[in-house]
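So the protein lines, in turn, are chains A and B. The numbers in UniProt numbering rise by one with no breaks, and the one at position 228 of the first sequence is 228. The numbers in UniProt numbering rise by one with no breaks, and the one at position 20 of the second sequence is 20.
Take these hints with a grain of salt, some might be off.
Unchecked claim - The list that follows gives simulated cross-link-like pairs (lysine to any residue, SDA-like), each with its CA atoms no further than 20 Å apart:
#1 Lys131(B) - Glu161(A)
#2 Lys87(B) - Gly276(A)
#3 Lys122(B) - His154(A)
#4 Lys138(A) - Glu288(A)
#5 Lys153(A) - Lys26(B)
#6 Lys131(B) - Asp8(A)
#7 Lys79(A) - Gly47(A)
#8 Lys108(B) - Glu160(A)
#9 Lys26(B) - Ile15(B)
#10 Lys122(B) - Lys87(B)
#11 Lys58(A) - Leu36(A)
#12 Lys136(B) - Thr233(A)
#13 Lys138(A) - Gly47(A)
#14 Lys108(B) - Gln227(A)
#15 Lys122(B) - Lys340(A)
#16 Lys135(B) - Glu236(A)
#17 Lys341(A) - His251(A)
#18 Lys122(B) - Gln235(A)
#19 Lys153(A) - Lys122(B)
#20 Lys129(B) - Lys87(B)
#21 Lys122(B) - Thr141(A)
#22 Lys87(B) - Pro96(A)
#23 Lys58(A) - Glu37(A)
#24 Lys108(B) - Lys58(A)
#25 Lys122(B) - Asp63(A)
#26 Lys122(B) - Lys79(A)
#27 Lys122(B) - Gln287(A)
#28 Lys122(B) - Asp148(A)
#29 Lys122(B) - Asn152(A)
#30 Lys153(A) - Arg157(B)
#31 Lys23(B) - Arg9(B)
#32 Lys129(B) - Glu160(A)
#33 Lys135(B) - Asp112(A)
#34 Lys340(A) - Glu288(A)
As the list claims (entries may be wrong) - These stretches of chain B come out as covered by chain A in the derived footprint (C-beta under 8 Å, 3 or more residues):
#35 80-90
#36 109-123
#37 145-152
No wet-lab data here; the hints were simulated from the structure. By construction, the Cβ of each residue, glycine as well, lies at the ideal position given by its N, Cα and C atoms.
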Amino acid sequence: MSMENLLDQPFVHWMSSGAQDGDIVLASRIRLARNLEGIPFPQRANGEQLSQVVSQLKSSLCDLNNNEQSDYMFVDLEKLPLLERLVLVEKHIISPDHAREASNRAILVKQDTTVSIMVNEEDHLRIQCLMPGLNLVKAFTSANQVDDIIENKHALAFNEELGYLTSCPTNLGTGLRASVMVHLPALVLTGQINRIVNAVIQLGLTVRGLYGEGTEAVGNIFQISNQLTLGFTEQEIIDNLYSVVKQVVDHERTARGGLYADTTDMLVDRVWRAYGTLKYARSISGQEALALLSDVRMGYELGIINEGSGCNFNELMVITRPNFLQKMSDCSELSGNERKKLRAQIIREKLANN
Amino acid sequence: MLCDECKSRTACMHIIKIVNNQKTEKNLCAECAKAAGEISLSFDTQSYVHDFLKGIFNHGLFVDPQMLRGQESCSECGMTYTDFNRKGKVGCSACYTVFGGQFEPLLKRIHGSSSHTGKIPKRNGGTLKIKQQIKKIRQQLEQYVINEEYEKAVLLRDEIKNLEKEIGLSGKGE
Chain A
1 MSMENLLDQP
11 FVHWMSSGAQ
21 DGDIVLASRI
31 RLARNLEGIP
41 FPQRANGEQL
51 SQVVSQLKSS
61 LCDLNNNEQS
71 DYMFVDLEKL
81 PLLERLVLVE
91 KHIISPDHAR
101 EASNRAILVK
111 QDTTVSIMVN
121 EEDHLRIQCL
131 MPGLNLVKAF
141 TSANQVDDII
151 ENKHALAFNE
161 ELGYLTSCPT
171 NLGTGLRASV
181 MVHLPALVLT
191 GQINRIVNAV
201 IQLGLTVRGL
211 YGEGTEAVGN
221 IFQISNQLTL
231 GFTEQEIIDN
241 LYSVVKQVVD
251 HERTARGGLY
261 ADTTDMLVDR
271 VWRAYGTLKY
281 ARSISGQEAL
291 ALLSDVRMGY
301 ELGIINEGSG
311 CNFNELMVIT
321 RPNFLQKMSD
331 CSELSGNERK
341 KLRAQIIREK
351 LANN
Chain B
1 MLCDECKSRT
11 ACMHIIKIVN
21 NQKTEKNLCA
31 ECAKAAGEIS
41 LSFDTQSYVH
51 DFLKGIFNHG
61 LFVDPQMLRG
71 QESCSECGMT
81 YTDFNRKGKV
91 GCSACYTVFG
101 GQFEPLLKRI
111 HGSSSHTGKI
121 PKRNGGTLKI
131 KQQIKKIRQQ
141 LEQYVINEEY
151 EKAVLLRDEI
161 KNLEKEIGLS
171 GKGE
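Turn these sequences into a full structure, and let the hints guide you.
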């Protein structure tokens, strides 16, 4: 995938359908925080030190290509306009923090977009692997391989007691943050979500909105991730998250089934109304689109609706984000109303063609 | 309704302030309210975890007075403990050694009293891998002793001895 494709094509690998528990789990992500030894962490490093990190990492590009037998692309964030950086955030390739500050920041992205390495985000290296559905083990294996390849060439900051040293003490130890993006409309509709979130938190995990820290859960999409990184092995962290997510998935499935059995008419009506609005609306806000897409996605998974089944709802959720819309339009700067019109138009086209 | 301050944007909040029993009321737009520091709307600009972390240091019950002075600085990156308090981020890997004692209660609060048991880098992991191996074997050995399986326990004891010798040797070699 070329840089143009990465920015223009709405579809990236994590949106693929048919993955394990894909009816509820959108994607699984593994992130490893690493720092090079002997250079201050990005917050404290000067421009020269930061560019040193970038060039050192650039030199690992060949190793990655040889070992992984795939092409990695080096992207200098400084050369990308803010809008394009924000598109990468909406596609979950980089974090909001990484998009905000661009000087001496870079990313290495694997051809199939499953792996991206953020250079000079909060830590020198953030190795990230994103897979469709509930796929934590595969995602970890990939990220771990990349970590091995990089470690072959560069000494990483490590301490016997504290493990991998990171800029924020909350990431010490394994530097591993495993997270899973889940779609939980039935738990929200049946009012069980707070109970579930509380239970998940008590098991040492955190629950957040769609785009990570400090964002709200739009479209009933939640991110569940591990909180502790020190004192557990990578295996233990992933196992714990996996078993909790499995339970959340079971609860959501039960709630969907119960909702469908108890309030069939109401649910069928709700799903078709959502579909109708998406299919015919001439102007729609991002919030409304996500809420309606959430209903239709659930209706599709429950077999209530078959029209538009060729549509990839994960993809639609990204296409209708503000920055991606701006990128797709020819207009220099879309006004709020123009954006709403364009969003409605794109959704109509997608639904008409499938 | 227009904002009382800029008189151009639409006001989106009504602010009532009571200072010394004097009540003032204002209608402001988001920008003016933010500029006047009336309300924090910056939920997304700073992650709340870090805000929370920063707060954690100042609300401990037992604070070492030396910690508050924060004069000592890291020889590698120049970070002082005050800097860390303000930002909630560590400057470089050496800071963890320099401020080791000061970080300890904080790390305990975040992670519990634990040490790293996960992946070890080949390059600079030192002898940790073997030490962890010894720890695991020792636990198994204790189990064998409890079960009175002494023959198995003896084998493990020898294995531990060998591993310890290995660390001793590799320690001299470095």
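Evaluated hints:
1. Lys131(B) - Glu161(A): 11 Å, holds
2. Lys87(B) - Gly276(A): The given pair, whose Cα atoms are some 49 Å apart, is violated under the 20 Å limit.
3. Lys122(B) - His154(A): Cα-Cα ~11 Å, so holds.
4. Lys138(A) - Glu288(A): Status violated; Cα separation ~34 Å.
5. Lys153(A) - Lys26(B): Measuring from Cα to Cα gives roughly 60 Å; hence the hint is violated.
6. Lys131(B) - Asp8(A): It is violated: about 51 Å lies between the C-alpha atoms, which goes past 20 Å.
7. Lys79(A) - Gly47(A): Answer holds: lysine 79(A) to glycine 47(A) is near 16 Å, not above 20 Å.
8. Lys108(B) - Glu160(A): 16 Å, holds
9. Lys26(B) - Ile15(B): Holds, at about 5 Å.
10. Lys122(B) - Lys87(B): Violated - the C-alpha atoms of lysine 87(B) and lysine 122(B) are around 32 Å apart, more than 20 Å.
11. Lys58(A) - Leu36(A): Since the Cα atoms of lysine 58(A) and leucine 36(A) sit roughly 13 Å apart, the hinted pair holds (cutoff 20 Å).
12. Lys136(B) - Thr233(A): 13 Å, holds
13. Lys138(A) - Gly47(A): Violated - the C-alpha atoms of glycine 47(A) and lysine 138(A) are around 36 Å apart, more than 20 Å.
14. Lys108(B) - Gln227(A): Holds - the C-alpha atoms of glutamine 227(A) and lysine 108(B) are around 14 Å apart, at most 20 Å.
15. Lys122(B) - Lys340(A): With Cα atoms ~53 Å apart, lysine 122(B) and lysine 340(A) exceed 20 Å; violated.
16. Lys135(B) - Glu236(A): Roughly 17 Å between the alpha carbons, so the hint for lysine 135(B) and glutamate 236(A) holds.
17. Lys341(A) - His251(A): Violated, at about 37 Å.
18. Lys122(B) - Gln235(A): 18 Å, holds
19. Lys153(A) - Lys122(B): 11 Å, holds
20. Lys129(B) - Lys87(B): 34 Å, violated
21. Lys122(B) - Thr141(A): Roughly 17 Å separates the two Cα atoms, so the pair holds.
22. Lys87(B) - Pro96(A): 18 Å, holds
23. Lys58(A) - Glu37(A): With Cα atoms ~16 Å apart, lysine 58(A) and glutamate 37(A) stay inside 20 Å; holds.
24. Lys108(B) - Lys58(A): 37 Å, violated
25. Lys122(B) - Asp63(A): 17 Å, holds
26. Lys122(B) - Lys79(A): 35 Å, violated
27. Lys122(B) - Gln287(A): 48 Å, violated
28. Lys122(B) - Asp148(A): 9 Å, holds
29. Lys122(B) - Asn152(A): 8 Å, holds
30. Lys153(A) - Arg157(B): Violated, at about 37 Å.
31. Lys23(B) - Arg9(B): 24 Å, violated
32. Lys129(B) - Glu160(A): 9 Å, holds
33. Lys135(B) - Asp112(A): Violated, at roughly 41 Å.
34. Lys340(A) - Glu288(A): 10 Å, holds
35. 80-90: Since 4 is at least three, the answer is holds.
36. 109-123: holds (count 13)
37. 145-152: Our answer is that it is violated, as 0 residues pass the Cβ test (under 8 Å) against chain A, missing three.
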